[in-house]
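2 protein chains.
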Amino acid sequence: MNKGNQTRASILAAATNLASKDGLAGLSIGSLAKDLGLSKSGLFGHFGSKDALLMAVTEAASERFVELVMRPAFKEPAGRPRLERLFENWLDWSESREFPGGCPIMAATLELDDQPGPLRDYLLSQQQRWLDTIAQAARISISVGHMDEAVDCEQVAFEFNAIGFGYHFSQRFLRDSSARQKARTAFRTLLQNCAPTSPKDGPPESPRGAEATEETNDE
Amino acid sequence: MNKGNQTRASILAAATNLASKDGLAGLSIGSLAKDLGLSKSGLFGHFGSKDALLMAVTEAASERFVELVMRPAFKEPAGRPRLERLFENWLDWSESREFPGGCPIMAATLELDDQPGPLRDYLLSQQQRWLDTIAQAARISISVGHMDEAVDCEQVAFEFNAIGFGYHFSQRFLRDSSARQKARTAFRTLLQNCAPTSPKDGPPESPRGAEATEETNDE
DNA sequence: TAAAATAACGAACGTTCGTGCTTTTTTGCA
DNA sequence: TGCAAAAAAGCACGAACGTTCGTTATTTTA
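For the record, the sequence lines run as chains A and B.
Residues in the first sequence are numbered consecutively from 0, following numbering that gives the first Met the number 0.
Residues in the second sequence are numbered consecutively from 0, following numbering that gives the first Met the number 0.
Simulated from the structure, these hints should not be mistaken for laboratory data.
One or more of the hints may lead you astray.
What the hints assert, rightly or not - Cβ pair distances, simulated, as ranges:
| id | chain 1 | residue 1 | chain 2 | residue 2 | range |
| --- | --- | --- | --- | --- | --- |
| 1 | B | Tyr121 | A | Asp131 | 35 to 41 angstroms |
| 2 | B | Tyr121 | A | Lys33 | 28 to 34 angstroms |
| 3 | A | Gly116 | B | Lys39 | 57 to 63 angstroms |
| 4 | B | Asp120 | A | Val143 | 48 to 54 angstroms |
| 5 | A | Phe73 | B | Pro76 | 48 to 54 angstroms |
| 6 | B | Glu66 | A | Arg138 | 39 to 45 angstroms |
| 7 | B | Pro76 | A | Lys33 | 29 to 35 angstroms |
A virtual CB, placed ideally from N, CA and C, is assigned to each residue, including glycine.
Produce the entire structure from the sequences given, and follow the hints as far as they go.
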């Protein structure tokens, strides 16, 4: 590996750390350079602009997410085990030592929800990919008989994701030490509600997500 | 009302707007003054420091939250209706025209999870109050027979909150037009899972939250 | 209506921001 | 070992940041 790419990588690592703690907006080239013992201009030369640096940080984190969270889950057998693995990997990722300030993608997502531009576009595509992966895993779960056919897979993805957000909030902001257990409990309930009508444990119940058109009073 | 308090109020309103879109970190006195047609120093004099301004914005939003979300829910009968009202009010609040960039409290929460100080302390106390309110409403629901006695109310608060976060994400970042419906569905499922063992509709099921000590492999 | 208090102003402070230049140092290859 | 290329540093810029100052204009109180 070149010297250039090498320091570029170390810059990205330090930048990820900083962005994790202070957000993308809180990431300044000056402080980043000081942390690394580099000059501002020397660091700057590696990326050409602040926006390019932010994009590079985001891309790096995103690729790492695929590597650590998504990819290993596909070694699990299709269906419920894969979904469970996706969930556990995500929690692990969220409290990884790699991100002392929490998942930078989630932080960036909430930071950029009203700031259009290529960075938001990229994040959006990645988030949709993530939700698609969950929904697709749910669809496979149905086809292998781990879930009821009436289950709404988009709804499952929504709730899967919601539990993750709730966990992140409880863990990082509230510092609730039982956050992970609560997230696990919520996730188990979610899967349980999706179980086929004749599972080996638990009584039958009405599967969720079948009520596409329902009575909604307002809106 | 004094002239001073009057402009102070208008400053707070404009600042809330700005913070809603760009986050607390993105709120600058210069741009705020320009928006209002004031001088920087004139605006500055009302608060004495940037931190004080941020705190004032947060307090104002928090008080408004109590007024618009929490308070009206207590006009509903105790139990399930109150919980439902809390939830709907929260969703309404989240997409209120008052906050073009989404709930500033939620944004601040995710922004400050690693920045200790009085502002974080205040937000933490408010968030805990919010979660306590939900848990307490669940406890009352049990006592009036709307929920099973085995229900873990802290767990309910966690999931209630998680659905709200998931909604905020889907609505504001993904721009998913069915976000609200998904959130409603998730919430209805949550309540359904908490129903007493002999409800008038739906088959019996194992109530949640009773598994305090369980097998957890790692961690 | 006169006096006291407050609100708002404009200019300037020192600092940090991102970003260009130019120069020096380091690296990798013939 | 010498030399071109790449990397890093140095310096400077214009703008924006939060903040302080002294002064003027406007309210409020007496």
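Note whether the CB distance of Tyr121/B and Asp131/A lies within 35 to 41 angstroms or breaks it. holds, 39 angstroms
So does Phe73/A sit 48 to 54 angstroms from Pro76/B, Cβ to Cβ? Once the Cβ atoms are compared, 49 angstroms apart, the range 48 to 54 angstroms for Pro76/B and Phe73/A holds.
Between the beta carbons of Glu66/B and Arg138/A, is the distance compatible with 39 to 45 angstroms? holds, 44 angstroms
May I ask you to test the hint 29 to 35 angstroms on the CB atoms belonging to Pro76/B and Lys33/A? About 59 angstroms separates the Cβ atoms of Pro76/B and Lys33/A, which means 29 to 35 angstroms is violated.
Starting from the range 57 to 63 angstroms, see whether the pair Gly116/A and Lys39/B falls in it by beta-carbon distance. violated, 28 angstroms
Would you say the C-beta atoms of Tyr121/B and Lys33/A sit inside 28 to 34 angstroms of each other? Given about 31 angstroms between the Cβ atoms, the range holds.
Hint says 48 to 54 angstroms; check whether the CB-CB distance for Asp120/B and Val143/A agrees. holds, 49 angstroms
Going through the hint list in order, the structure does not satisfy hints 3 and 7.
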